[in-house]
Amino acid sequence: MSFVGPPAVLAWLMLISFVAGTAKGVSGFGAALLMAPLFGLLITTPDAGALIVLVHCATSLQGARKWAGTVRWRSVVPLALFAMACAALTTHWITSDNAAFMRHLVALSVLAATGVHMTGWRWRHNGGWAPTFAAGAMSGALTALGGVGGPPAVYYFNGISHGPALRANLLGYFAVLFSGVTLIMVASRQIRLPQIWTTALLIPAFVIGVRLGEGVSTRLPLRWFNRIVSGMLLGSGLVALLA
Numbered sequence: 001m002s003f004v005g006p007p008a009v010l011a012w013l014m015l016i017s018f019v020a021g022t023a024k025g026v027s028g029f030g031a032a033l034l035m036a037p038l039f040g041l042l043i044t045t046p047d048a049g050a051l052i053v054l055v056h057c058a059t060s061l062q063g064a065r066k067w068a069g070t071v072r073w074r075s076v077v078p079l080a081l082f083a084m085a086c087a088a089l090t091t092h093w094i095t096s097d098n099a100a101f102m103r104h105l106v107a108l109s110v111l112a113a114t115g116v117h118m119t120g121w122r123w124r125h126n127g128g129w130a131p132t133f134a135a136g137a138m139s140g141a142l143t144a145l146g147g148v149g150g151p152p153a154v155y156y157f158n159g160i161s162h163g164p165a166l167r168a169n170l171l172g173y174f175a176v177l178f179s180g181v182t183l184i185m186v187a188s189r190q191i192r193l194p195q196i197w198t199t200a201l202l203i204p205a206f207v208i209g210v211r212l213g214e215g216v217s218t219r220l221p222l223r224w225f226n227r228i229v230s231g232m233l234l235g236s237g238l239v240a241l242l243a
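The sequence shown begins at 1 in our numbering and counts up one residue at a time.
Worth double-checking, as some hints may not be accurate.
Stated by the list, open to error - Label-pair restraints from in silico Cβ distances: (1) A112 <-> L201: 39 to 45 Å; (2) F133 <-> G69: 37 to 43 Å; (3) L42 <-> A134: 30 to 36 Å; (4) W121 <-> R65: 30 to 36 Å; (5) T70 <-> P6: 43 to 49 Å.
To be verified - The calculated lysine to any residue pairs, modelled on SDA-like cross-linking and capped at a C-alpha distance of 20 Å, are: (6) K66 <-> T132; (7) K66 <-> R167; (8) K66 <-> Q190; (9) K66 <-> F82; (10) K66 <-> V207; (11) K66 <-> E214; (12) K66 <-> V176; (13) K66 <-> A187; (14) K66 <-> R219.
Read the hints as simulated data drawn from the structure, not as lab findings.
We treat Cβ as the ideally placed atom computed from N, Cα and C, and that holds for glycine.
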């Protein structure tokens, strides 16, 4: 049985997964954005992206019975199809040996997404094919690059959905996206046994973190935690960019 790194690296990956899960449990966002740049400091960018996709694929159907019936699939499926098509194209590019460039690109994407989130910007659109294609293309490329394709989808659905459908649409989209991208990575041989074994170690740490974050979030103001998570995202992006 082989893993993507030595025991010390695996320990760091598990710790990062736990912290990322806690961030997701507290604020509902930020797990992949936190994992991608920090994973990239320990392992190759393709390995980091594969691990993030596998962890999110394995946990994406959690609680599906509660939200599946609320999902507006007519909005979710076209976006997911565009994203998966672009992810398939991007997988051919990220097999290059320019690891430092890809790590810095992921870091810049994390910093950009965090900055936009902190400004409170909202994308107003009518859900037509142009915004669907734009958001899907960006989400798919970023997912294949480093597993950080969430922000384009968040801004897309936030511009057309309200109430409980917004959260349900996001959960449905991520379930479809990460399942599809996992199949694409398997077909392109970007997912191998060492990554699968490593994912098996990361999932418990991630799930425990999510549950801890959800429990803590009910006791303290969410706004306070959102600021902490935003600071963590900025810090992880800067560390990966400057490393």
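Consistency of the hints with the structure:
no.	hint	verdict
1	A112 <-> L201: 39 to 45 Å	31 Å, violated
2	F133 <-> G69: 37 to 43 Å	27 Å, violated
3	L42 <-> A134: 30 to 36 Å	32 Å, holds
4	W121 <-> R65: 30 to 36 Å	33 Å, holds
5	T70 <-> P6: 43 to 49 Å	44 Å, holds
6	K66 <-> T132	26 Å, violated
7	K66 <-> R167	11 Å, holds
8	K66 <-> Q190	33 Å, violated
9	K66 <-> F82	26 Å, violated
10	K66 <-> V207	18 Å, holds
11	K66 <-> E214	17 Å, holds
12	K66 <-> V176	16 Å, holds
13	K66 <-> A187	32 Å, violated
14	K66 <-> R219	23 Å, violated
Checked against the numbered hints given earlier, the structure breaks hints 1, 2, 6, 8, 9, 13, 14 and satisfies all the rest.
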